[in-house]
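Novice: Residue numbers (the working numbering), protein chains in the order written: chain V, 1 to 324; chain P, 1 to 578.
Since the hints were made in silico from the structure, they are not lab data.
Glycine included, each C-beta is placed from N, C-alpha and C at the ideal position.
Errors might be hidden in some of the hints.
What the hints assert, rightly or not - Facing chain P, from chain V, some residues (calculated, C-beta under 10 Å):
1) 34
2) 44
3) 46
4) 59
5) 61
6) 93
7) 115
8) 118
9) 151
10) 162
11) 266
12) 283
To be verified - Now the stretches of chain V that chain P is said to cover, found in silico as 3 or more residues with beta-carbon under 8 Å:
13) 74-87
14) 297-305
Stated by the list, open to error - DEER-style ranges, computed between Cβ atoms:
15) V:72 to P:204: 55 to 61 Å
16) P:437 to V:70: 51 to 57 Å
17) V:145 to P:332: 51 to 57 Å
18) V:91 to P:96: 44 to 50 Å
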Amino acid sequence: MVFYAKRLAHMVFVLWAIATILFLMFRLLPGDPTIAYLDPSFTGEQRQMILHDFGLDQPLWWQYVLFLGNLLHGQFGLSFRQRLPVTDMILSVLPNTLLLTLVALIAAYAFGALVGALMAWKRGGALETIGIPLVLATRAAPEFWIGMVLLAVFAFGVGWFPAGGATSPGAVFTSNLARYSSADFLRHLVLPAFTLMIYLQGLPLLLMRSNMLEVMGEEFVIMARMKGLPERTIMLRHAARNALLPLVTAFALGFGATLGGDVVVETVFSWPGLGRMLVDAVSSSDYPLAQGAFLMIAAVLVTMNLLADIAYGLLDPRVAHGRR
Amino acid sequence: MEFVRSFGRVGREGFTMSINHPIKTTRRAMLAASTAALAVHAVGAQAAGSPGDKIRPIVLLSKPQASDPSLFQAAQLAAQQWRKLGLQVTVQVVSASEQNATVWNKRDKWDMTTWEMVGRPERSDPDELVFSLFNSSLADNGYDFVGYQNPEYDSLAQAQRQELDRPKRQVLVKQAQDVIGKDVPYIYLVYPRRSAAFNNTVWKAASIVTEAGIGIRNFWTFIGAEPLGAQKDMVLNCNNEIDYISPVRMDAIGSWVTDLVWDKLTRVGLDGEPRPWGADSFKWTSDTTMEVVVRDGMKFHDGTPITMEDVLYSFELPTHKDKTPQFFPFVSNIDSVKQTGPRTIVFTLKAPQASFPTTTLSKINLIPKHVWEPLLTGMTGKPDMLENFNEEKHVGSGPFRFVHWRNSEEVMLEANPDHWAAPKLARWILRIVPNQEATLGMMKTGEMNFLSLFTGDPRVLAELPKSAPQITVVTETDLGFQFLAMNLRRAPFDDPAFRRALSASVSRKLMAAAAYNGFGVPAGSCVSTALPFWHEPGSLIDGGDVKKSADMLKEAGYVLDGNVLHYPAGKKETLAAG
Numbered sequence: 001m002v003f004y005a006k007r008l009a010h011m012v013f014v015l016w017a018i019a020t021i022l023f024l025m026f027r028l029l030p031g032d033p034t035i036a037y038l039d040p041s042f043t044g045e046q047r048q049m050i051l052h053d054f055g056l057d058q059p060l061w062w063q064y065v066l067f068l069g070n071l072l073h074g075q076f077g078l079s080f081r082q083r084l085p086v087t088d089m090i091l092s093v094l095p096n097t098l099l100l101t102l103v104a105l106i107a108a109y110a111f112g113a114l115v116g117a118l119m120a121w122k123r124g125g126a127l128e129t130i131g132i133p134l135v136l137a138t139r140a141a142p143e144f145w146i147g148m149v150l151l152a153v154f155a156f157g158v159g160w161f162p163a164g165g166a167t168s169p170g171a172v173f174t175s176n177l178a179r180y181s182s183a184d185f186l187r188h189l190v191l192p193a194f195t196l197m198i199y200l201q202g203l204p205l206l207l208m209r210s211n212m213l214e215v216m217g218e219e220f221v222i223m224a225r226m227k228g229l230p231e232r233t234i235m236l237r238h239a240a241r242n243a244l245l246p247l248v249t250a251f252a253l254g255f256g257a258t259l260g261g262d263v264v265v266e267t268v269f270s271w272p273g274l275g276r277m278l279v280d281a282v283s284s285s286d287y288p289l290a291q292g293a294f295l296m297i298a299a300v301l302v303t304m305n306l307l308a309d310i311a312y313g314l315l316d317p318r319v320a321h322g323r324r
Numbered sequence: 001m002e003f004v005r006s007f008g009r010v011g012r013e014g015f016t017m018s019i020n021h022p023i024k025t026t027r028r029a030m031l032a033a034s035t036a037a038l039a040v041h042a043v044g045a046q047a048a049g050s051p052g053d054k055i056r057p058i059v060l061l062s063k064p065q066a067s068d069p070s071l072f073q074a075a076q077l078a079a080q081q082w083r084k085l086g087l088q089v090t091v092q093v094v095s096a097s098e099q100n101a102t103v104w105n106k107r108d109k110w111d112m113t114t115w116e117m118v119g120r121p122e123r124s125d126p127d128e129l130v131f132s133l134f135n136s137s138l139a140d141n142g143y144d145f146v147g148y149q150n151p152e153y154d155s156l157a158q159a160q161r162q163e164l165d166r167p168k169r170q171v172l173v174k175q176a177q178d179v180i181g182k183d184v185p186y187i188y189l190v191y192p193r194r195s196a197a198f199n200n201t202v203w204k205a206a207s208i209v210t211e212a213g214i215g216i217r218n219f220w221t222f223i224g225a226e227p228l229g230a231q232k233d234m235v236l237n238c239n240n241e242i243d244y245i246s247p248v249r250m251d252a253i254g255s256w257v258t259d260l261v262w263d264k265l266t267r268v269g270l271d272g273e274p275r276p277w278g279a280d281s282f283k284w285t286s287d288t289t290m291e292v293v294v295r296d297g298m299k300f301h302d303g304t305p306i307t308m309e310d311v312l313y314s315f316e317l318p319t320h321k322d323k324t325p326q327f328f329p330f331v332s333n334i335d336s337v338k339q340t341g342p343r344t345i346v347f348t349l350k351a352p353q354a355s356f357p358t359t360t361l362s363k364i365n366l367i368p369k370h371v372w373e374p375l376l377t378g379m380t381g382k383p384d385m386l387e388n389f390n391e392e393k394h395v396g397s398g399p400f401r402f403v404h405w406r407n408s409e410e411v412m413l414e415a416n417p418d419h420w421a422a423p424k425l426a427r428w429i430l431r432i433v434p435n436q437e438a439t440l441g442m443m444k445t446g447e448m449n450f451l452s453l454f455t456g457d458p459r460v461l462a463e464l465p466k467s468a469p470q471i472t473v474v475t476e477t478d479l480g481f482q483f484l485a486m487n488l489r490r491a492p493f494d495d496p497a498f499r500r501a502l503s504a505s506v507s508r509k510l511m512a513a514a515a516y517n518g519f520g521v522p523a524g525s526c527v528s529t530a531l532p533f534w535h536e537p538g539s540l541i542d543g544g545d546v547k548k549s550a551d552m553l554k555e556a557g558y559v560l561d562g563n564v565l566h567y568p569a570g571k572k573e574t575l576a577a578g
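Could you build the full structure based on these sequences and the hints that come with them?
Specialist: In structure tokens:
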């Protein structure tokens, strides 16, 4: 219990530190949130009005106090650009990003774990000879390039999938559930998820392979062989299961990292997601939206980290987190 | 202040213009005065004849290459020419927002910058650009960000604004361009040529029309586009997020939508001239009064008729400057609006304004009083602005009705069959597509059937019909222009002779061909060739001869010493590089 309480306190501290850095970072970056208004009619007086409206005419420390106060109430404030609640704006695109990330990540880890295990098992075989360079190449290839190639082939070439957006133009749904479970949404999800998966599969695959190689030399595998168990059983039931552990951590961390790093895939496929919103917010000096989006990603990352720690303990009771 | 003026007199000819005029007592003016005072001492101290100080290294601000490859390339080419004149020029790449913030809010902190004025339908009247860009009253924090000050120009700009006789106004607008042509506050580059495209198997080609200086993405195309087959939805693209859809606010892309959802009394026609729309007619009854007969039988999308009260209220609401600061300037010249007959209203202006039918009547959206009055009342006494208000439901009266707006995804409108100019298409769906290359593929596959803008390589788009004959590409010279701006507050740019020499070393024709791949028309003034009636062709002085520029500098007293350009005799460098 003490462990969990400590971890939780640690988490809160990390989030506070991130929030503070974010607050300062955006205000120190060059740029000006009133720039979006530039027009022949724009005057200095108007600029002052806008700065006042944004609260940017207040001293920095007071802005910081207000910011923290709002955060404690779960408020990110209003976006400078659109004057909409940041929470609403983030929530309107978050499901798109979460679904894209989850689907791609699960696919990448399932594929990576299986093929990684197989490569280790058939060490030196044809699969490994061809597979390793291929994996390294896709891992090193830029996401946008993979995305554009997939677009050229599957959208513009054979025309199996749409080239952009999360739903067809003008599609109307009765509810969010209907939208996210519709065939239309899933069809639009395929290419971006596939791109992200290709990009992500390298890490779990290589990790799994090296873990397996290590595990395969252990005594319990030799024991299983001596017992005369079928190869498949040994590989999947005994070796792979034990080699899977580090992948759990990688998955949890990968989730947080991918969430913020989806911006390339989201741009290539015009996917309405958090990454694009974040980039737009930063480039237009929309401090509240950028802070909110970054904090959201940080919160997910920190939470996933905690979950990984907990899951680790459950999957492998030997990991006791210093409990006595 | 007297010091400044006297310096103006002792200074060389070039100096006189920019300094020898009344300066407001601001902090900046005080600083300028003290700088000038130092310079005056320097004049006394130095013997005439020996060259002045070395000109500091000049910094030219530019957005990253990716955000506008042509303009970036143009900046590099110009810098290259200027280096041959003995200047040390660095092109410094900054983000768009940093560039804006520096140029706009730190007005005495930069030397040169790349810049663009974009084309918009209301700029079909030259007034906005001619009046605002070089107006000394806007130098401190308005649109005259380069700090150009010339009383002669100010009065010309004011005169054209007030001249209601078209031919006479034309003369004034051309004179204004000539003055700028001589004083060179900007180094004009090109009027960009922009391409858009449509699918000719979905839309009848003859129903897609071109608006002067705007292209085929215009109001008249959207209400007139005729579907040829079963596909009756127009699916088009934009590349950026929409910030606002509001009838009392401007937004780069949001305005495409407000234009269709809300009606106005006039609209800018294909020829760039205002024509009656929500009005049956409009006419000047004196220099400062305009009579408008409002069209009968107009209805809002919620079914209520547009009353004369709604029309009057539409012009009254923006007068609340603290609630609608963006729209306030459009009505600031209106002294009163009164109903004088069952469908007649009379606008009385504070001063004559020739552009009124374009810059005000075609700009102010007709809004329902029953929706906006309670909102305004609710905000009175609060710091909130009405222009920041996001409506749940948009009630306009235009040819299209609002259906939905999904952040980062799309805006959807549907045809309003009850409108007197009901569109022929069924739904207008604006997709936000940040991937420019993908838009071309989408046009080919039919996912999109109207390409409203393309910021990629224009040559690729121009080639598209060869492999996809169903696509028709239309290219139009833009109302806007791209240029290199100089900060006239800072030496050596305060000297017109220096500016002229710099400008003369740049060949616009070469620029249009090399940096813009032919997708630009050499520019010499702020009035585009897309407006042939107002454009002054004589304003274009195509240069490119470095030798000639060097001679111009020499004549103005600048000295080339060991490949480094020096100020004329007695002039000190008072600024640090950058």
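Novice: Each hint needs a verdict: does it hold in this structure or not?
Specialist: To see whether the hints hold, each was checked on the structure:
{"no.": "1", "hint": "34", "in the structure": "holds (8 Å)"}
{"no.": "2", "hint": "44", "in the structure": "holds (3 Å)"}
{"no.": "3", "hint": "46", "in the structure": "holds (5 Å)"}
{"no.": "4", "hint": "59", "in the structure": "violated (18 Å)"}
{"no.": "5", "hint": "61", "in the structure": "violated (21 Å)"}
{"no.": "6", "hint": "93", "in the structure": "holds (6 Å)"}
{"no.": "7", "hint": "115", "in the structure": "violated (30 Å)"}
{"no.": "8", "hint": "118", "in the structure": "violated (36 Å)"}
{"no.": "9", "hint": "151", "in the structure": "holds (6 Å)"}
{"no.": "10", "hint": "162", "in the structure": "holds (6 Å)"}
{"no.": "11", "hint": "266", "in the structure": "holds (8 Å)"}
{"no.": "12", "hint": "283", "in the structure": "holds (6 Å)"}
{"no.": "13", "hint": "74-87", "in the structure": "holds (count 4)"}
{"no.": "14", "hint": "297-305", "in the structure": "violated (count 0)"}
{"no.": "15", "hint": "V:72 to P:204: 55 to 61 Å", "in the structure": "holds (60 Å)"}
{"no.": "16", "hint": "P:437 to V:70: 51 to 57 Å", "in the structure": "violated (40 Å)"}
{"no.": "17", "hint": "V:145 to P:332: 51 to 57 Å", "in the structure": "holds (52 Å)"}
{"no.": "18", "hint": "V:91 to P:96: 44 to 50 Å", "in the structure": "violated (28 Å)"}
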